[in-house]
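Each chain, written out:
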Amino acid sequence: MSTAPAPEPAPPVPAEVEPQRLHPLTPLFRGLGVALVVFFGILRDQITHPDFGFLGIAAGGVVVVGAGYGLGSWWFTRYRLTDDSLHIDTGLVMRRNRVLRYDRLQAVDVAQPLVPRIFGMAELRMDVAGGDKREGRLGYLRLPDAQALRARLLARAAGLHPDTPTAPERLLLAVPAGRILGATMSSSAVLGGLLAAVVYLAVTLKLGQPLAALAVVPWILGVVTPIVRNVTYLGQFELSASPDGLRIRRGLTSVEHQTLPPGRIQGLSIKQPLLWRTVGWFRVEVDVAGMSTKKKDGESAAVVVPVGTARDVATVTRHLFGTVDPFAVRRHPAPRQARWLRPIGARYCWWGLDDVVFVAAQGWLTRTISVVPHAKTQSVRAEQGPLQRLLGLADVIVDTPQGPVRAVAVHRDVAEAAAMVPAQVRRAHELAARATGDQWMRPAAPARPAGSAGPHADTGRRRGPSNSPQPPDIG
Amino acid sequence: MTATSAEQLFVPGDVTWRPVESALAKLRRTVLAVVCAVVAVAGGVGMGVLLGPGWAAIPVAAALVAFGWGYVLIGRNQRSWRYAERAEDLLVSHGVMFRNIVVVPYGRMQYIDVQAGPLARMFDLAVIELHTATPDTDARIPGLRPADAARLRDRLAALGNAAASGL
Numbered sequence: 001m002s003t004a005p006a007p008e009p010a011p012p013v014p015a016e017v018e019p020q021r022l023h024p025l026t027p028l029f030r031g032l033g034v035a036l037v038v039f040f041g042i043l044r045d046q047i048t049h050p051d052f053g054f055l056g057i058a059a060g061g062v063v064v065v066g067a068g069y070g071l072g073s074w075w076f077t078r079y080r081l082t083d084d085s086l087h088i089d090t091g092l093v094m095r096r097n098r099v100l101r102y103d104r105l106q107a108v109d110v111a112q113p114l115v116p117r118i119f120g121m122a123e124l125r126m127d128v129a130g131g132d133k134r135e136g137r138l139g140y141l142r143l144p145d146a147q148a149l150r151a152r153l154l155a156r157a158a159g160l161h162p163d164t165p166t167a168p169e170r171l172l173l174a175v176p177a178g179r180i181l182g183a184t185m186s187s188s189a190v191l192g193g194l195l196a197a198v199v200y201l202a203v204t205l206k207l208g209q210p211l212a213a214l215a216v217v218p219w220i221l222g223v224v225t226p227i228v229r230n231v232t233y234l235g236q237f238e239l240s241a242s243p244d245g246l247r248i249r250r251g252l253t254s255v256e257h258q259t260l261p262p263g264r265i266q267g268l269s270i271k272q273p274l275l276w277r278t279v280g281w282f283r284v285e286v287d288v289a290g291m292s293t294k295k296k297d298g299e300s301a302a303v304v305v306p307v308g309t310a311r312d313v314a315t316v317t318r319h320l321f322g323t324v325d326p327f328a329v330r331r332h333p334a335p336r337q338a339r340w341l342r343p344i345g346a347r348y349c350w351w352g353l354d355d356v357v358f359v360a361a362q363g364w365l366t367r368t369i370s371v372v373p374h375a376k377t378q379s380v381r382a383e384q385g386p387l388q389r390l391l392g393l394a395d396v397i398v399d400t401p402q403g404p405v406r407a408v409a410v411h412r413d414v415a416e417a418a419a420m421v422p423a424q425v426r427r428a429h430e431l432a433a434r435a436t437g438d439q440w441m442r443p444a445a446p447a448r449p450a451g452s453a454g455p456h457a458d459t460g461r462r463r464g465p466s467n468s469p470q471p472p473d474i475g
Numbered sequence: 476m477t478a479t480s481a482e483q484l485f486v487p488g489d490v491t492w493r494p495v496e497s498a499l500a501k502l503r504r505t506v507l508a509v510v511c512a513v514v515a516v517a518g519g520v521g522m523g524v525l526l527g528p529g530w531a532a533i534p535v536a537a538a539l540v541a542f543g544w545g546y547v548l549i550g551r552n553q554r555s556w557r558y559a560e561r562a563e564d565l566l567v568s569h570g571v572m573f574r575n576i577v578v579v580p581y582g583r584m585q586y587i588d589v590q591a592g593p594l595a596r597m598f599d600l601a602v603i604e605l606h607t608a609t610p611d612t613d614a615r616i617p618g619l620r621p622a623d624a625a626r627l628r629d630r631l632a633a634l635g636n637a638a639a640s641g642l
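Chain order of the listed sequences is A and B.
Everything in the first sequence is counted per my numbering, starting at 1 for the first residue and increasing by one.
Everything in the second sequence is counted per my numbering, starting at 476 for the first residue and increasing by one.
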């Protein structure tokens, strides 16, 4: 019935079944860590009575054993790409074969820890649905090889020809290391620590105990070390948009990438501590389903804007939800009775909504604004304690999957709350029926011939919840 | 006006509500009675031995007061539990001092648990719990007959499948 010309047959997909080895320098990075640990252990024993002969032999032995372990594990590690999965064989003593199916791949990223980065090497990290992040690691390859392998895996996962180049990225915002330093320095922990150090120094010098003042040095180190760690972890932070999702690049010395697939972002939390209000900085975190947002070095793994201006925040929300500005929604402030329960904070409690998202704000020491797409609402609740009952108030809570986002409209008038709950339920139902969830990998349009479409963007892959009408997919 | 608005919020009138079994109150009152008895006996004996027979009356009196007060509260709380199955979602409302209502769309239900501890089984009761992707969703209904709980679970599971939308 179709009058369109029949598509040309796609070129045959090469069967890449020959096993490949990783780069020969890999043992240097793998064995090095173990060797150093052992060597320093021996060194610590010997530090009081150094026996250089023994140390020399020990050093030599450690190098040999470390190199042997590294070489052995490298020799026996191989990977190959079959039609539907990536096979990784590892193991020197205990052989292990790991199979990663393409259709379970959520994200593939290239990471460069410090030492391999100096040599131009990189590690491939794969995020598999329902798997531990540590399972999907392939290291080390030359950086261009790692990027090429990533492109092949992504193409396979999307059901496209393996030679399809990676989707182009569009830079949304960049956070220079200087701003991260400034933000970390202005955190209350750091300022408190420095203040205490200054006070201690002043007191000891006044009392004429200059030697005791030296104790301030490890204290300052204790304050400075987390700052340095934070800055090197976040480093030159960049957030880009691609059809694969939001891509985060972070790290000053070790470079890491992270991909947040579009359909999995459940909600957004915008925070502003007291001190940042003077400078106009915000921090944005997202809830990502299917990923553990465990803390690492004090930073959650789902931070999309560690320190940003209001314009950065608007860029992110516009990209994710199509909303222009969560600060600009029509606000419903808390009723006057709420001041009995929150004398200062009641002014900062409000809620608002537009076609796509529900917004709730609270907090005055740290202003928090939670943005939740209606389509991702899990359940809607209302709660009322005895004090609230006396004042005729109730809380309305829009639940999303576990994460930093908590969308609570605190201390609303009960009549208003009684209207809000069914309204939100209705909105959630309407929009959930329209959104398509996590089918971001499947092309919305029928697959085009491989020759014409270049980057992934052209195959019309969906980008998750958005305001534009979606083609009807599920009944 | 405020009282009826609160009622409208926590017990919307346009819905068919089902109560839970009064046996739930009996179960909880039994547990309360046992605990109060233990406290009364242990406290009474302890005080009587340490301070003198007259003092034994204090823990006994305290236990009696606690039992009386708890008796009334348990009754009120059990009567406040109610649930309703609508076309697309489930409502559960409970609480006297701390009131609570939760609306769970069927499509968001991840799994459903029916549980019954040994005491609950003695009173022929079970608890049904609905889980969504949010751990905070507190959609549990205690005090159902096991047959009713099983029927509700099967109905919810079927409705959940039909309405299933991705996360």
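Worth double-checking, as some hints may not be accurate.
If you want a taste of the chain B side facing chain A, the calculated C-beta under 8 Å gives, among others [said to hold, decoys possible]:
id, residue
1, L484
2, D588
3, T609
Coverage of chain A stretches by chain B, computed from C-beta distances (three or more under 8 Å per stretch; other residues unrestricted) [as the list claims (entries may be wrong)]:
id, segment
4, 84-92
5, 203-212
Note that these hints are calculated values from the structure, not bench results.
Every residue, glycine too, gets a C-beta built ideally from N, C-alpha and C.
Hint by hint, which ones does the structure fall short of?
2, 4, 5
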